[in-house]
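Listed below are the residues making up each chain.
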Amino acid sequence: MSENRVANLGSKFEPKLVAFMCNWCSYTASDLAGTARLHYAPNVRIIRVMCSGRVDPTFVLKAFALGADGVMIAGCHPGDCHYLEQNYKTMRRYALLRYTLAELGIEEDRLRLVWASAAEGPQLAEAINDFVERVRQLGPLRWSINWQEDGQREKAIEQIAHEHAEALEVPV
Amino acid sequence: MIKGDKNLRIGVYVCHCGTNIAGTVDVEKLRQFAETLPGVVLARHYKYMCSDPGQELLKQDIMEHGLNRVVVAACTPSLHEETFRRAAEQAGMNRFLVQIANIREQVAWVTDDAETALDKAKAHVAGAVRRVALHQPLERQFVPILPRALVVGGGIAGIQAALTLADAGKEVILVEREPSIGGHMAMFDKTFPTLDCAACILTPKMTAVKNHPNIRLLTYSEVINVEGSVGNYRVQIRRRPRYIKEDLCIGCMQCVEACVFTRARFPNPFDRGLGMRKPVYIPFAQAVPPVPLIDPEACLRLKQGKCKETCVVACGDRGAIDFEQQVIVEEYQVGVIIVATGYQIFDPSVIGYYGYGKLPNVYTALEVERLLNAGGPTSGKVLLRDGRVPKRVAIVHCVGSRDKKYHAYCSRVCCMYALKLAHLLKEKTGAEVYNCYIDIRTPGKGFEEFYNRVQEEGVHFIRGKVADVSPVPTGPGENGSSGLIITVEDTLLGEVRKIPVDMVVLAVALEPQADADNVRRMFGISCSTEGFFLEKHPKLAPVNTASDGVFLAGACQGPKDIPDTVAQADAAAAKALALIDAGQIELEPNTAWIDEEMCSGCKTCIPLCPFNAISRDEERQIAVIDEALCKGCGTCVAACPSGAAKQKLFGFEQIDEELEGILSYV
Ligand SMILES: Cc1cc2nc3c(=O)[nH]c(=O)nc-3n(C[C@H](O)[C@H](O)[C@H](O)COP(=O)(O)OP(=O)(O)OC[C@H]3O[C@@H](n4cnc5c(N)ncnc54)[C@H](O)[C@@H]3O)c2cc1C
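Protein chains in written order, with my numbering: chain Y, 21 to 192; chain B, 195 to 860.
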């Protein structure tokens with residue numbers, strides 16, 4: 021953990037979060053939380069997508085690049101997807117994404133997958149509060165600092181570039 | 195720098211929603227902020243944007259100021275997106291160039307602090323402005339609606355909905371899992387609060403279903419698969435064999451008479467096991483269709499292959515009996531679906547201290563309904579399992595309801611049916627009846643009056659939860675049968691009472707059907723936390739679901755009594771009719787498409803689509819999306835490594851810009 025981050029923990033750090041929510045379950049749940057006037061942490065900004073399966077991993081990376089301290093993906097419960105099974109694809113993508121984030125020097129916990137049915141306004145509000153707390157613990161994202169700290173990184177990139185070149189060679 | 199049309203002229207409208215938004219968010223500051231955003235040529239705030247003057251304002255501006263994009267910062271898009279799209283369209287703008295920023299449900303209503311709320315609202319507005327800049331004019335998409343309805347579940351809800359649709363001249367396929375339609379209502383003797391005889395009011399409707407030229411009734415059948423979408427659903431229905439041909443049987447019941455089992459000795463589920471049936475049976479006298487069926491687990495011929503087949507002889511020339519009948523699967527195409535699968539009762543045996551399942555004289559209310567029913571196992575005489583007439587009866591309210599351990603919710607009908615049972619038990623047996631309740635809830639037309647009447651009849655009311663039901667400890671009670679003692683804390687007297695009774699009736703909760711999860715998933719319906727099917731909006735769309743063209747009726751949506759069920763069934767039928775008669779429905783034009791230039795033909799997208807909308811054009815070596823099959827989830831778009839898969843309204847650039855917008859300004 022960087023010095024900066026530790027220094028920041030003491031002061032009142034308000035993380036900035038983005039949440040991608042599917043139209044059918046979780047976005048509706050967030051509306052329900054609103055209708056029920058459930059006050060939850062204001063740190064989250066919600067982007068509506070039709071399905072959690074629409075969340076392109078690059079959106080998540082971009083969010084971090086633009087200064088988000090955490091990203092939430094919220095979808096229908098497994099088995100309840102409006103599009104039958106697309107949230108399972110989200111689930112797989114999520115596992116891979118967390119792995120990738122760790123590789124990039126971003127704590128995996130900055131990405132969270134949440135299931136909330138259209139009836140689960142209170143649960144979603146709770147999940148948002150919980151996530152905000154977790155990210156607050158982690159402190160502000162210092163991607164560039166973490167990035168540079170990793171001595172293995174450059175070697176790894178070289179290695180990947182090498183493998184890439186090999187893979188592109190057309191076998192005779 | 196802002197992407198999109200160079201000649202952007204975006205108008206931003208901040209709605210006060212009375213004080214709903216303006217009470218928390220400083221709308222003037224938000225407006226000022228919006229004005230600074232790229233492409234915005236006009237920003238206003240207004241008291242109620244959804245009102246006629248609000249819409250007029252929008253239209254005027256579009257025409258006078260030549261706006262070519264609109265952002266409305268207001269309530270959730272599910273409420274008024276359509277309103278503003280329509281207004282924009284009326285002013286000559288393409289309706290899809292409008293974007294909503296949800297600053298009511300997602301900002302004003304959930305945020306304490308005005309300053310934070312303003313920041314959050316700014317972020318949402320900036321996101322919407324950046325996004326809408328990249329919106330493209332789109333054509334509206336409509337799909338035709340097949341004028342045929344599927345109704346699932348033949349309880350009073352399904353019956354009512356089917357009849358209403360059929361009377362309006364629409365074709366209906368009514369699927370019922372049990373051998374007869376009627377549902378729970380067919381089990382009752384009388385119905386509260388009027389005490390109408392259930393059969394007298396239900397049987398005519400059941401018969402009407404059977405005789406209606408527009409209704410195809412499939413009993414003993416279940417929907418096993420649903421494909422397609424609103425307007426054209428393809429459903430597969432599995433039909434179990436009755437071993438008696440419905441079209442040949444005349445319902446004379448001679449086969450039942452003639453069965454080699456001279457005595458009925460198999461428990462009849464319709465009588466909750468209190469009555470017996472033969473291997474060939476009809477579940478109850480008024481069953482519709484009035485066609486008996488054969489239980490393959492009980493019938494000698496079907497079980498062992500050997501029997502004198504006296505039933506076949508009795509049926510004679512009609513030849514309706516067919517031991518070779520198999521399960522068959524039929525397929526139907528329908529435009530709309532009404533789900534009316536009802537409820538099941540809570541199993542009280544899990545609450546040990548009520549003794550249900552162990553103490554023979556502890557009954558569920560539904561069992562007592564059967565005992566009271568003239569067509570029931572005791573021909574309407576209230577007799578205990580040992581043949582006695584009860585002299586003292588305790589009715590325990592809220593069994594499984596209003597109890598965090600089981601169901602936190604109130605089942606709504608139990609107080610009333612408990613009062614009904616108290617009245618009927620007293621009337622038929624003269625017994626002393628004790629109603630042990632937490633609260634009596636009688637909010638309905640004629641309900642409180644009925645409560646008063648039952649009180650006047652001398653039924654005892656004890657406010658308190660029953661903590662225990664035990665056999666009389668001193669051994670056999672009167673007539674050598676074991677009596678019961680209930681322990682109840684009378685909270686009005688402030689003392690624990692022990693009351694000897696010889697019958698305990700448990701007013702059990704109504705809960706979702708055991709297979710409710712499978713059923714709702716098949717039809718794309720969500721559920722509320724307790725498992726009942728979820729309506730699209732609790733107030734404004736009570737019979738719609740998240741799936742267009744799928745409607746709800748009756749107790750599958752939540753506990754309710756017959757009057758409410760029937761009202762809801764008619765509402766569902768009306769909604770279905772409106773759709774059918776409109777002939778078409780508009781779909782969000784958010785389908786995916788392939789940019790042929792960019793597609794590398796890698797096939798990543800193909801297996802991701804559960805609707806088989808994507809295929810590969812082998813000749814051109816690219817993916818092709820059938821937009822008629824695409825439902826617009828965007829999963830393939832997110833996965834395409836070359837960015838060739840695109841989505842209307844949720845394109846990469848649009849979401850990407852929204853992200854930039856919400857993160858870059860505040
Ligand atoms: C003990 C008791 C007494 C009551 N007394 C009264 C009363 O006096 N007055 C009153 O107004 N209300 C009373 N009620 C409430 C009443 O039962 C309900 O309001 C009513 O039955 C709801 O009708 P429904 O059609 O929604 O559900 P149901 O009656 O449960 O009918 C559902 C039907 O759908 C069928 N089904 C289920 N799943 C499937 C499937 N997957 N495929 C095909 N078919 C399926 C079932 O077999 C059933 O026939 C009482 C309830 C109880 C428990």
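Rather than coming from a laboratory, the hints here were simulated on the basis of the structure.
All values derive from a computational prediction rather than experimental measurement.
Do not rely on the hints blindly, as some may be mistaken.
Simulated restraints, written as ranges between beta carbons of each label pair [to be verified]:
| no. | chain 1 | residue 1 | chain 2 | residue 2 | range |
| --- | --- | --- | --- | --- | --- |
| 1 | B | Glu309 | Y | Ala185 | 51 to 59 Å |
| 2 | Y | Leu116 | B | Glu309 | 37 to 45 Å |
| 3 | Y | Arg154 | B | Asp789 | 38 to 46 Å |
| 4 | B | Thr685 | Y | Ala56 | 27 to 35 Å |
| 5 | Y | Leu116 | B | Gly363 | 52 to 60 Å |
| 6 | B | Cys391 | Y | Ala56 | 49 to 57 Å |
Here a beta-carbon is modelled for each residue, glycine too, at the ideal position from N, C-alpha and C.
Status of the hints after comparison with the structure:
| no. | hint | verdict |
| --- | --- | --- |
| 1 | B:Glu309 - Y:Ala185: 51 to 59 Å | holds (53 Å) |
| 2 | Y:Leu116 - B:Glu309: 37 to 45 Å | holds (38 Å) |
| 3 | Y:Arg154 - B:Asp789: 38 to 46 Å | holds (39 Å) |
| 4 | B:Thr685 - Y:Ala56: 27 to 35 Å | holds (31 Å) |
| 5 | Y:Leu116 - B:Gly363: 52 to 60 Å | holds (54 Å) |
| 6 | B:Cys391 - Y:Ala56: 49 to 57 Å | violated (43 Å) |
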